[in-house]
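Residues per chain, in single letters:
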Amino acid sequence: MRQISRVTGLGAVALVVAGLFWTPTWSNPPRKHLPWKTGFWVWAGDSPAESETKPDLLYVQVPGARWPDNVPEASQYVMVRRIERSSDITPQIAEALAAVYTEVRQGGPQSIVGLQIDYDCPTSRLADYASFLRDLREAIPPDTHVSITALLDWFRPGTEIQEVVQAVDEFVPQFYDAGPERAASGIAEVIDAEKWAPIFNALGTPYRIGISSFGRVARRRANSSGVEQVMYFRDARPFDFAGKKELEPSIQSTNAGELVVHYTINDVHARLHSGLAPRDQVDITFPTTESVRSGYEAVRRFGGYCAGAIFFRWPGRSETLAFTASEVLEILTGTSGSSEIEVETREGDCVSLRCADVYLRLGPDPASTDRRVSVRPNGRVEMFLPDGPLLPRWRQSEITVNIPAYSGLRYVYLGRALSHESVQFEVTP
Amino acid sequence: MPVLRRRIITVLLIIGGFVVLVEACSPELTFRAYLSPDLFQPFRRSFAGITRSVPAGRGYVPYAGISESTESGPIDELRQAYRNLLSSSAGLYGASLNFAPEAVEVVRERIRTMAPVDSKYADEVDLLQCKLDLRAARNDDDASLATAQACLEKYLERPRPAALRSEARGWLARTLFLRKNRADAARIYLDELESPDSNIKRERLSVSLKMLYSWQPLRTEDLSAFLDAPSHALFAAHLASNTSPRNGGDGLNRALLAGLEEKRSLFREGPQSDALALSQMRAALRLGDPDAILRFANRIAGTSDARKYAEYLWLTGAAHFLKGNYPQAEQFFLELFEASDAAASERARAGEALEGVYDRMGRPVDQLWAAFRVVRLGPEIQKEFQTKGGYPTSIDGAGINLDVAFLLDAQLTDSQLQQYLDRYGRSPLLANSSAGDVVRYARAVRYARSEEFDKAAQIYSDLSTIERADNAKEAARLYAATRVAGSGETQLEALYAYADFLASNSNRIFFNDGLWWGFQSAVFTSRESHAFPKPSAERLTRVQTLERKLKDEQEEYWRAYKVLNGIVLKAGPTPLGKQAARRAIVCLRRINTDRFGRLDEIHAADRRLSSWLERNEVSAKP
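Line order of the protein sequences matches chains A and B.
What the first sequence shows, in my numbering, is residues 1 to 429, in sequence order.
What the second sequence shows, in my numbering, is residues 1 to 622, in sequence order.
One or more of the hints may lead you astray.
Result set (DSS-like, lysine-lysine): computed pairs, CA atoms no more than 25 Å apart in a straight line [said to hold, decoys possible]: (1) B/Lys562 <-> B/Lys549; (2) A/Lys245 <-> B/Lys383; (3) B/Lys551 <-> B/Lys562; (4) B/Lys180 <-> B/Lys201; (5) B/Lys473 <-> B/Lys455; (6) A/Lys245 <-> B/Lys388; (7) B/Lys562 <-> B/Lys578; (8) A/Lys244 <-> B/Lys388; (9) B/Lys263 <-> B/Lys308; (10) B/Lys388 <-> B/Lys308; (11) B/Lys383 <-> A/Lys244; (12) A/Lys32 <-> A/Lys195.
To be clear, the hints were calculated from the coordinates, so they are not data collected in a lab.
Predicted model only: the values in this text are computed from it and were never measured.
The shape of chain A in the complex, shown without the other chains:
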């Protein structure tokens, strides 16, 4: 009897000690898995490009208290609120956010299902962030799907990340711009499923992975001390630099499969953009079918609580450096266009004559050589009104354009053909 009591006592002590150091994953009830979805972030600033694709999910940045007017169609929406790193995250802010969310949801479409907080919390303050999220959870309507973006640094050992993700329904680790500072070139991070899946799945909260589908133009300039400073141009396009006389590109690929095209600016080329000066270095990062596909295939290997991928981001109307939703989905399903050039004719809405708007589809990845393309009609054209950036010419019954290498053009307008009868165009071999 004394033997049994001693064993029981020791066992009880062991249990207490274990309880001090061990937080079992089932200390909270296991979470339901979320359905697999593919989504996009729609960021405020530029009017979103139109698309015929209706994605599963859109995460829409809403800076004010009103749902934006021309958000693309999707099956479901999550409102995104960005909190600046320097901001305080107090209970009052949580309450105000909940109120704004409620107001936006009331005035917005029925299919707004949740709120995502985009906050680059310093890793040392994750406990505060967790507290903030709990306050938010209490203030917000109970059926709200609460999501957060997540920095990869939060997941190193010894942080309070577990507390943070327990307070939410979903977290979205971002595998792009993951370094301490944004780099001039390269955006996407290699997604190592073997490394990250065990870490994310152990947290017991559903998650979706943030993948880059966009590119960037950056300028590097050395200051008087020789230190390089980087500036990003939102109003410059690859086409502004491509094919320019004596502006030779040098090319690299990143580990994640993106393409980086580099130019060194001289006196003449400084005129290409008001922010350029001689000796500046320009780096243009292109997303590629490889970078998007390999990222997504890696996400598919996560298993566990992984519930899909969210792409950053839905392009703006005038952007050429971000894949459209259609392009992304074609890459994922393997139906992406090859490097073959295709012509698309769309009937316009004209009055006395028929009109056909002529577009070229150039393939998703930037071509490494200059190309000359001709398209011809299958009927008589009375008038052709050239348009678009390529300055098309009508020569000997064909429209001819020169497309420089690394132009970044994937879908380009050539102009409008007016005719008495309907015409279609085809690429001339």
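Let chain A serve as the given structure and place chain B on it in line with the hints.
Just chain B, lined up with the frame of chain A:
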């Protein structure tokens, strides 16, 4: 080298010499530009922005509550309190134009409790009240924005100093924008742009206008709000023209066209009205509606300067051309062609369009006149593009002009050439040179082709083209010898000498060396291999007949072959016959079949003569 010969060569060099130095591209060729569908595009891809130059002497004064006071007192304290708001934190909504209500209330309280100010500041204080209403309102709170709007509208009901009035209108526009009334906001900004008294900087007005429709495009249902003044309608036209077809641009432009058809009064107010009419002409072109182009052209007053604008003349001419109204099209293209203040490239396009008009009207002599005039513009076109940058193309009238060549060498009859000379005589082509001389030269070549070598020699001598004159004289002598009655043998030897002379002077007897510059193949073969869409059978036959005739007539080797072949047939396997056969084979093999054609026929003749020679050489051996 005699002066006139030098002039002829200069002229011929100019005709052929506009080679555009485009890297990795073949030279630019101008040939029947009026058949190219892109000739009739508007001169400019988008019309100029709606902001005009700032009226001279326009200055700005600080807004209400911002200026530094020159004296201390209640107004100074109030201004200081208002300026303090500018450094307030932005708050949750991040908009720097909104302030925390409690901070705004502090300033309101100061207004309520401060001592009466000098009446000269009353308007400023009144406006400040309205600005505070706006500062306190949340961007998404329509009720508070409505309060701010009411305050500003009430403020504007009374006479106010111009600068404050202008500022109040700017704030009213912002309020309207926040309340999603973009059209009314735009109209205020546009009116401020037009106003010499505006206290809002042009850059700010331009940015505000741009922002109104950058996120969400103009909608068809918004258009009617802009149809109250030409400047407003012009803004809507600007937006519509920049809306792509994929984003509903066609529907927008059609709706605007239809709306403006009803608003005749908008087209009676001077330059803005004219600009509006021009914008609709462009829109109508894009919508394939030549009738609408002409209707809006007629909205421009007969006395308006706009009726002389290149764009007006061009679009009106294009509309008539599209409708097949060639006499009317001629009138407008001619006016543009002769407009000394139009750009050289615009005039050249008008000239190319005129060639099309004359082609359709069956007036080849005038067509030649227009073609020469386009060539004459060459140096001015080069200068224009040197100044403005870029490379001129064939529709700008640049490049090697083959219209003159084809008209002179293939299309016009002899009598039509004479008509040109009679009608246009010595009209200048370039300084110190004459298109007439080029025509005379072509006339001489034609005489040579019809073996009237004496006449050809006379013209060449008159033009001081000595080498050609000498060749023609020698050809005349040799040809005359073939006509002298004599023994069969003598005549055949004379024929051989004539044929041999022709074969030894390729491109120097029957070919018009100054017109084609080696690009004849590009014209002829392009017509044959790029005859798509195909012209009517009748027209195709007529053109192909012309080309075939020219090719046969201008080819010295072919002419020589025919003479030599005749000798073979008559002389038989005699030494002269065999010599003729050998020479004939050489001629056949030297013909440039890319330009000449008849490939199968030439090969067959070669085989026939070669076999004949072989048979007769073998049979001659012992």
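These are the hints, each one checked on the structure:
Our distance criterion of 25 Å between C-alpha atoms is met by B/Lys562 and B/Lys549, whose separation comes to about 15 Å. In summary, the hint linking A/Lys245 to B/Lys383 is supported, as the alpha carbons are separated by about 22 Å, within the 25 Å threshold. Among the hinted pairs, B/Lys551 with B/Lys562 is consistent with the structure: their alpha-carbon atoms are about 14 Å apart, no more than 25 Å. A threshold of 25 Å between alpha carbons decides the hint, and for B/Lys180 with B/Lys201 the separation of about 23 Å falls inside it, so the pair holds.
Taking the CA atoms of B/Lys473 and B/Lys455, the gap is about 9 Å. The hint holds against a cut of 25 Å. Note on A/Lys245 and B/Lys388: the hinted pairing holds, with a Cα-Cα distance of about 18 Å set against a maximum of 25 Å. About 15 Å separates the Cα atoms of B/Lys562 and B/Lys578, which keeps this hinted pair within 25 Å; it holds. Only pairs whose Cα atoms come within 25 Å are accepted, and A/Lys244 paired with B/Lys388 is accepted, the gap being roughly 18 Å.
A distance of roughly 24 Å separates the Cα atoms of B/Lys263 and B/Lys308; the hinted pair therefore holds under the 25 Å criterion. Between B/Lys388 and B/Lys308 the alpha-carbon distance is near 23 Å, which keeps this suggested pair within the 25 Å criterion. Among the hinted pairs, B/Lys383 with A/Lys244 is consistent with the structure: their alpha-carbon atoms are about 23 Å apart, no more than 25 Å. A C-alpha spacing of about 23 Å is found between A/Lys32 and A/Lys195, which places the hinted pair at or below 25 Å, so the restraint holds.
Of the hints listed earlier, there is not a single one the structure fails to meet.
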